[in-house]
Structures are given as structure tokens and as C-alpha cells.
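Participant: Chain by chain, the residues:
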Amino acid sequence: MTKYLLRRLLGAVPLVLGIATIVFFAVNLAPGDPTLYFLSPGMTQEVVEQTRINFGLDQPVHVRYARWLGAMLTGDFGYSFSHSRPVLDVLADFLPNTLLLSACALGVAFFFGILVGTYQAVRQYSLSDSAFSVVLLFFYSMPSFWLALMLILTLSLFARNVWEWPIWFPASGMTSTEYDFLSFGGQVRDRIAHLVLPTLSLALVLTAGIARYMRGSMLEVIRQDYVRTARAKGLSERVVVFKHALRNALLPIITLVGLYIPVLFGGTVFIETIFAWPGMGRTIVEAINTRDYPLVMAGSFFFASMVVAANLIADVLYAVVDPRIRYE
Amino acid sequence: MTQHEAAGAAKSAAKSAAKSAASSAATAAANSAAPSAAQSAARSAANSAAQSTEVEPLLAVRDLRAWFLTDQGVAKAVDGISFAVREGETLGIVGESGCGKTVTSLAILGLLPNPPARLMDGSSVSFRGQELVGAEEKRLRALRGNEISMIFQEPMSSLNPVFTVGDQIAETLRLHRRMDRKAAHGEAVRLLDEVGIPEPGRRVDEYPHQLSGGMRQRVMIAMAIACAPKLLIADEPTTALDVTIQAQILELLAELRRAHGMAVMLITHDLGVVAEVCDRVIVMYAGQIVESGTVEDIFVRPAHPYTRGLLASLPSVGTPGRRLASIPGTVPSPLHWPEGCRFRARCPSAGEGCERAQELVALGDGRAARCWRVGT
Amino acid sequence: MADTMAASTTARARARGGRRLSAFLPGAPQLAAGRWGAGGLALLVWLGCLWVLVARLARVVEALGGSWDERLALATLVAALATVWGWSWWDAGRAEGPRRVGVSQWDLAVRAFSKNRTAVAGLMVIVVLYLIALLTPLLAPHDPALQGDLISERYVGLSGAHPLGTDQFARDVLSRLLYGARISLLIGFVSVGISVTIGTLLGAIAGFMGGILDGIIMRVVDMVISFPQLVLLITIIALFEPSIFLIVAVLGLTLWPGTARIVRGEVLTLREREFVQAATALGYSKRRIILRHLIPNALAPVIVAATLGIGNTIVLEAGLSFLGLGVQPPTPSWGTMVADGRNVLLNAWWLSTFPGLAIVFTVLSFNLVGDGLRDALDPRLRS
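Residue numbers (this note's numbering), protein chains in the order written: chain A, 1 to 328; chain B, 329 to 704; chain C, 705 to 1087.
Keep in mind the hints are simulated off the structure, nothing from the lab. Treat the hints with care, since some could be wrong.
Here are the computed lysine to aspartate or glutamate pairs in the EDC-like style, where the Cα-Cα straight-line distance is at most 16 Å [to be verified]: (1) C:K990 x C:E976; (2) C:K819 x B:D399; (3) A:K243 x A:D225; (4) B:K404 x B:D391; (5) B:K466 x A:E237; (6) A:K243 x A:D322; (7) B:K510 x B:D533; (8) A:K243 x B:D391; (9) C:K819 x C:D1075.
All chains should be modelled from the sequences, with the hints used to inform the complete structure.
Facilitator: Below, the structure written as C-alpha cells:
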């Protein structure tokens, strides 16, 4: 087990380095001089040259790459121009918010996806199975940004202004403006209310994917001989499905964690922009628009590293759940 | 051993006391490769004695019809079979694959998936006087793994890969015997020891993939006998195993049957296995019983052409140089069994009279065959 | 003998009747024969094209001397009518005798696919969508770039003149929606074509050659897959000038790793399978094994992945356009249109809603077809 873990960890190192390389060259080989965005007209040629030297842009690309990589390994991600702060400070502000949103979405998606997929498999060919399949495929085909707008339109705007429902959800930010004046319970409720729509927008598409996968996996497992053995023991159908079958059907689902994390992070770019959620996704889009290269590079690098980490965790989780791999 | 278990063992010992002398002698003898005439005679004597004093068999299957309603039509996998299993005896069910052996065994436990499978009206399975067809799921569950248990053909895939073998054995004990975790674990170790697994204390915490095929089948058997069932259904228990392991497993089954006084329903396509361990035999073909009788009847005086064909295709050590016969053709599809005698197309002695559907003809002494020729 | 003669005569008579019917209602005889997929599609295309011809006659005439995309639309119209008519005539005329029942893998797959109602419906929608995309210059009620009166005609709701309302520049939403279909379908098709080609080649090389080459290719695949696709896309696109070509190129060049993984896995398992080993044992050449055995067998999952990939790519393109990094205005694109309505959701809900629905139904169709193909091409599921 430790050996397996170590091997996987060692395998991740070149992956992370490779990703850093892709990030660096994608940003640095793009046409156009990044310094141009920080200069104002009327600057003398000497000032321009001095800026280039300050940024280290007078060096050839491979030297800059080596320097950047070296600095990064010591934890120095550079200085964000648009935020006028070290990149690491910016990340420390925004990353937790993204992680909160992603974790909520992932939790909701896996919980409902597994539940619905299992239900469908147990009731294969029934009316509810087909109905779920249609609804799931509909959500599966949906762009999350459009779903977000439609949720805002119905559960926030129309619910509040047109239909005048007693319950509607806020469509912007992490907290209300009067957050600081609320009681503790009110603050908690306020935060949860702000989480609902962004979480749903991110989670529904994933839920559909997970449920589709889970249904297939469960159908496969339910035909297995050991499920018949479990029934022959006299176990109730609930125990057969939720203990004997589910444990096995979940194995392939675990790998989905690694597969869906990049999709999830991609989704946060839209969802955070739409819901004005102060997270990494929105920050990266803004950084790209303002040509804040150090922030773009660090942000992309962090996103990619988290994907690698998620894959690693998924693999380890797989080994924990599946004894056949654990004792390989 | 817990008090519970001791009580259970004592009870079953008492119940089978009457027969144990005769039957254990018979089975001990049966372990030698071919049954001699004397042994068979002794056995059939024991059987007829049991028959005459019999009140209610352990398991009585009457006119069982298990049909599969599929897109392509109705597959009559099991089409009207009746038989009984008496306490403590070993009944062999023989036939080629696709003849309905496995469906029969699953139908007894109510494990056929519905849909597509359906037990048709008139089907009856009664276990110790209780009707099981149409019985509440709860009552069936109380029987499964407890009074009737089952072992399957594929020991490789019949154990759940994500639980330790100990957990899987203990699960049955905790369910039916209400044992606590610790007691069940201890009992699992004892059971593993009883089925002949070395180092049971270590093996109990291993996962199925760490055991060999023969070991896994022993684990399956340990699981099946955990609650001292009255009836053990063994569906091709040795087919997937190496020949040397096969003999060991059969020997183990015979031993356990003696020790626990349980009845065994042995489903197999291998007549050699039948000769070794069975008291009575049912031969199935195309969803029906074509012949039934004692092992001696079947081997020495086979009545049905199909049984004769099966015997002729059996390699024999005693007569070298003999050509092995085979039955021409294949088992027809259960979607459309042939009209008339279902074996007609493959039968060497088919002729006039075979276009009629055949009845099972009683031949006395519990023998029967589904062929119009045998009565005349 | 007489029986079969009589049967073939009635079959021929029926075929003649079918031909007569197919002359003015192509698809009807097939529909009557219970082949609702083929018949329905033919009838739908036929009636739709006839409607365009009649209702937009003036524009059809104009198109004769019009711009290249008007002429392309005209050519499509003629070709569609001719194809449907010709096919139905030929098909209805085939004697009803014992049809050649194919048993090859593809015949089986086609039969399994056509039994899948939802998948066939998805395929019909896709064919119609591509037709619409090509016919748009004749179909669209208005010029998609034409601005109406900015004071009286902005944000007009659903009405007779503007069935799906107007946008902030008083342009007709329906017309823009129809033109937007072109962008989505084109980008989806071309970028998936590029990525599948690259992915298949690299995957086959990695799987068949093994060794160091395999190691390098698969590490690159791992890296690109670990990257949040969208972040990579927006980084690249934002640094260059966004244009349709850039989007197609970037999508095509970043989506191949999935295909490469599938093909490599397939080649690896196929290489070990009995029939390939049998072919090797029989002394077939390597080229023959790759061409005749490996590629056709590895193709099935690639086709499935490509179909599902088109849906995925359409969503990605819409997302980029939504962020302003995709197709640039004034070219209408569904993603841009959803973004246009974002800030006026409450007052002009139709602006974001309809383009989004168009995306969902297009992607849904591709997913349905992809699912249907997967089920049809997997022999294990076919039984």
C-alpha cells in the first residue's frame, strides 16, 4: 500500500512539472509583448527598456522559464499587477471560495447521482427509469452557464418579482449587503441561501453524468454471481443492493472524481462570473482580460495541480475500497 | 463453538438418528469410485424403507413450470417437473446445460428474476409442509441461507470481492442466528476449519481474490452450512474446479451431509459425480424430467434413450478400446421445444409413436421414464 | 410455385403503387410500411423544402444571382429535394421479395440502431438542423444583422413579426438563432474532425508501437487531460485574437487526448485478442492486420466518442462565446446570444432562453445518437 502510494506520488511529479511547462509556454509564446499593457504613452524608450529588464523580459525564453520554475519551486509566484499584491496572497483570498463551491457541488452531484442511478438500475425498464433517463440526458446536454441564467430567471427574479413566491434565492455574491448586521443563525442562513443557485448550476450537469454512469455500473454489478449469493443468504433486497452491490458499483464511480474535477473547475469560470462569486474562476478570467500574466500562470497551475491531486486521491480511494488493488 | 450452535447440531443429529446408520454406511461406500451392486442394493433397500414410512418429504416440488417471458417469445425453461427430496438423502439432478437444472434450483429458493421469469399457476414447492410458491418474501428470506442454502458453480465470481471471507460467512450467522460480531467471527473461523481450510484464523480475514478456486468453493460451502440447513442445493459445485480438487470437494460435501444430517440436491451434468455421491437421480431434458430412479436403476438399467446416450458418452476405465458414443445434435432452444417427444430428433430409436407428447411412465419402486416404449 | 408467383406479382403491384405515391409524397410509402425513421425524415424534408420553395419564392429567385451562401442554400434546396425524391422512388420500387439480410457487423449495428427510437429521432433532428443551417439565407424571416428602430423595436416580446422577439439592437432573435446554428454545427463538426484524426493516429501509434513512444504520448495525454479544458482554452484564445479559425484550431488541438486514450486502449486489447493472434499465426502481414482487423474494430468506440464529442464541443464553443472569447459580434452565435440576454433577464427573458434551448436540443440530439451508436456498436449489448 505505501509502495503503491509512493509510486503514484512520484508519477505525479513529472506531470505537475509538465503542466507548469505548458502554462509557461502558452502564456509566453503568445504574440504581443506583455509589457505593452503596463506602459502608458509618452514613456521614454529608456523607461520601456528598464521595465523589460525589471520583468526579466530581456532574457531569452529558456532562461525566463528556468527562473520562473525556480522561483515557483521556492513558493514565489510573482506579483499580480491587477491586484497590486503578491500572487500568493490573491490566491489565498479566492481559492477557498472556489473550493467551498466546488465541494458543495461535488457532494450534491455525487449524492444525487448515485441515488438516482441506483434507483434506475434497480427499477430497470420501468416507467420511472425511462423518465429519469430522459430528464438526465436533458440536463447532461445543458451548458451550465445557461442553466445558471435559467435558475436565476426562475428561482430568483421571477420568484421574487413576478410570481411573488415566499422563497427566492439571491443571485449574486457570497453574502448579502446586510450580512454584518445579522445574528449568527441569520449569517449561516444567508450564506447557505447564496450557495444554493451556484451549487445547483454546477451540480445538476454533473449529477446527470454521474447518474448515467452509476446506472450502467449498477446494472453490471447486479447481474453478478455474488449478488445472487447475497440473495441466497436470505438478505433483504435493501441490504443486497446497498451493501453488496453498491460497494462494487461505486468502484468505477470513484475514478469519475478525477474525471469530473476539471469539468467542475471549468464550470466555476462561468458560474463565478455569473453569480459574482469571489473565486478563482472569475479571477482567472479577469486576469486574462487584464493581461495579468503572473496571476494567469499561477492560477492555471493551481487548477491543474488540483486536478492531479484529485486523480491521486481518487486512485488511493480506489485502492482503499478495492482489496484486489490494495494487495496487488 | 457457541451454545447456540451446539444445540443446533444436537437437534439435527437427533432428527437424523434413525437413518444415520444406514445412510452413512452407504455414503462412506459411495466414496469409492464405482458403486458395486451390493452397495447399490443396500442403498435402494434403505430408500424403499424410507419410502414406506414416509409422511412428508423434506422438499416436494409439484408441476413446477418456470417460464421466461422475453421479447422473442416464451422460454419454457422448466416445464412441469415434480420430485421430492427426503431428509438426509442426496438427490442428483443430471442433464446437459440448458435443460433447466439451474432454473429449477433458483425457483425453489424464489430467486428467479421476475420479470422476465414467472412461475406459472399450479406450480408448487413445499418445504417441510410450507408452500413456498407465492409465499411472502419475508418468509422466503427466513428460509434462505438458514434452512435451505445454496452453493454455485463459479466460486471465482460467487464471493463478493470487497468483503473478507470471514465477513461474508459471519453475515449469514448474524442474520439468521442473531450472533454478535465477535461470536460470528469466531464461528466463521470454526466453519473454515470444518471445511478443511488450513490456518483458518488467518484466512478468515483474507479477501476472496487471495484464495484459490478450491479454497473459495470451500468458503462457499462454509457459508452454506453456517446455519446447519436441512437442505443444501449444490449447483454444479465442482464444474469450474480442477479434477483433483473436484474429488476433495465432493468428499467434503458427503462428509458434511453425514455430520449435519442434511439433504443435498446435487445439480450436475457429470454422471461420474452422480455415481460417486447420490442416492437417487433425476435426469432432465428440455425442461422436463425424462427419467428418475435410484443410482443403480439409472446406471445399470437405464430406461430412457437419453439416459442411455448419456451413459454411453461416459468414458470408462474398465473397458479400454471401446468407442465413445455421443448424442447427435444439440439441446433445442427453450423458446420452441419440439412437438411430441422432445428428444425425438436426437433419439436413435425414434419412430412411430414418438410424435405424441410423452408422459412420465411409472415403472415401480419409484422409477419412472418419459418414453412410451418402456411401459410396453 | 404458383404461390410464389402470385406473391411476387402482388409485391410488384404494391411496389408500383408505392412508386406512384412516392412520386408526389416521397417517404409516404416507407412510412406506410412502418419504417417511420426513414419515411418520416424523407417526408419531413420534402414538405419542409417545398414550403421554403413556395413561401420564400421571391427570395429563391433572387438567390439565383445572389451571394455565395445564398447560392449554396439554393443548391442545398435543390439537392435535398432531388435526393429525397430519388431515394423514395428507388426504395419504393425495390421488389418486396426476400431482402438481402446482411449479417456483417455493420448490418447488425444498423439494424440495432434503427430499432432505437430515441436515437433515430436524434438523428432526424441532426439532419434537419444541418439542412436548416445550409438553408438559412432562404429561411430566416429577417436579416440577422439588420437593426430595427432602436426606440420602438428594442426588446419586443414574442409577436407575429418577430416570433422569438428582438434584442438590444432590435434585431430579430429567430433569424439570429437560425444563423447561429451554422456556427455551432460548423465548429462542432470541424473541430471534432480534427481532434478525432489526431487522437486516432496518436492513439494507434502509442498502442501499436508501445515502448518509449507510447510513454511520451500518454504522458502528454495525461497532462492535457489534467488541465481544466476551459482554462486552457480561454488562456490560449485570450492571448491571441479570437476568431472562428482560432477557435476551431484550438478546440481541435486540445480535445484529442480523449480519443487517443480510447484508441490506444482498444488497440492494446485487440492486439491480444484471439483473432489478431490467429491472423498473425496465419502469416498475414502487419499492414493487413492493422488495416483489416485493428482499425475497423477500434473504429466503433471512436465513432461513439466523436458523436458525443460534437455535443461537448458545441457546449464549449457556446461557453467561449458567452465569455466574449468565441465568435465575435456581429456574427450571431448561440453563446453570444445567451450572454446578450444576461443583463436583461427579467425584462427580456426570451433573449437568453431560446438560444440556450437551441443548444440543449442540438446537444441532446448528438448525445442521443451517440448513446444509440454505442449500444448498437457494442456486440456485448446487442445479444
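Participant: For the pair we were handed, K990 of chain C and E976 of chain C, check the Cα-Cα distance against 16 Å.
Facilitator: 14 Å, holds
Participant: Take a quick look at whether K466 of chain B and E237 of chain A sit within 16 Å of each other, Cα to Cα.
Facilitator: 10 Å, holds
Participant: Is it true that the CA of K510 of chain B sits at most 16 Å from the CA of D533 of chain B?
Facilitator: 13 Å, holds
Participant: Measure nothing beyond the straight line between the CA atoms of K243 of chain A and D225 of chain A; if it is 16 Å or shorter, mark the hint as holding.
Facilitator: 15 Å, holds
Participant: Please work out if K819 of chain C and D1075 of chain C have their alpha carbons no farther apart than 16 Å.
Facilitator: 13 Å, holds
Participant: What's the verdict on K243 of chain A and D391 of chain B, does the C-alpha distance respect the 16 Å limit or exceed it?
Facilitator: Roughly 36 Å separates the two Cα atoms, so the pair is violated.
Participant: Decide if the proposed pair is consistent with the structure: K243 of chain A and D322 of chain A, CA atoms, cutoff 16 Å inclusive.
Facilitator: Judged against 16 Å, a Cα distance of about 14 Å means the pair holds.
Participant: For K404 of chain B and D391 of chain B, compute the direct alpha-carbon distance and say whether it is at most 16 Å.
Facilitator: 13 Å, holds
Participant: Given the proposed pairing of K819 of chain C with D399 of chain B, does the C-alpha separation stay at or below 16 Å?
Facilitator: 13 Å, holds
The structure is inconsistent with hint 8 alone, although it conforms to all the rest.
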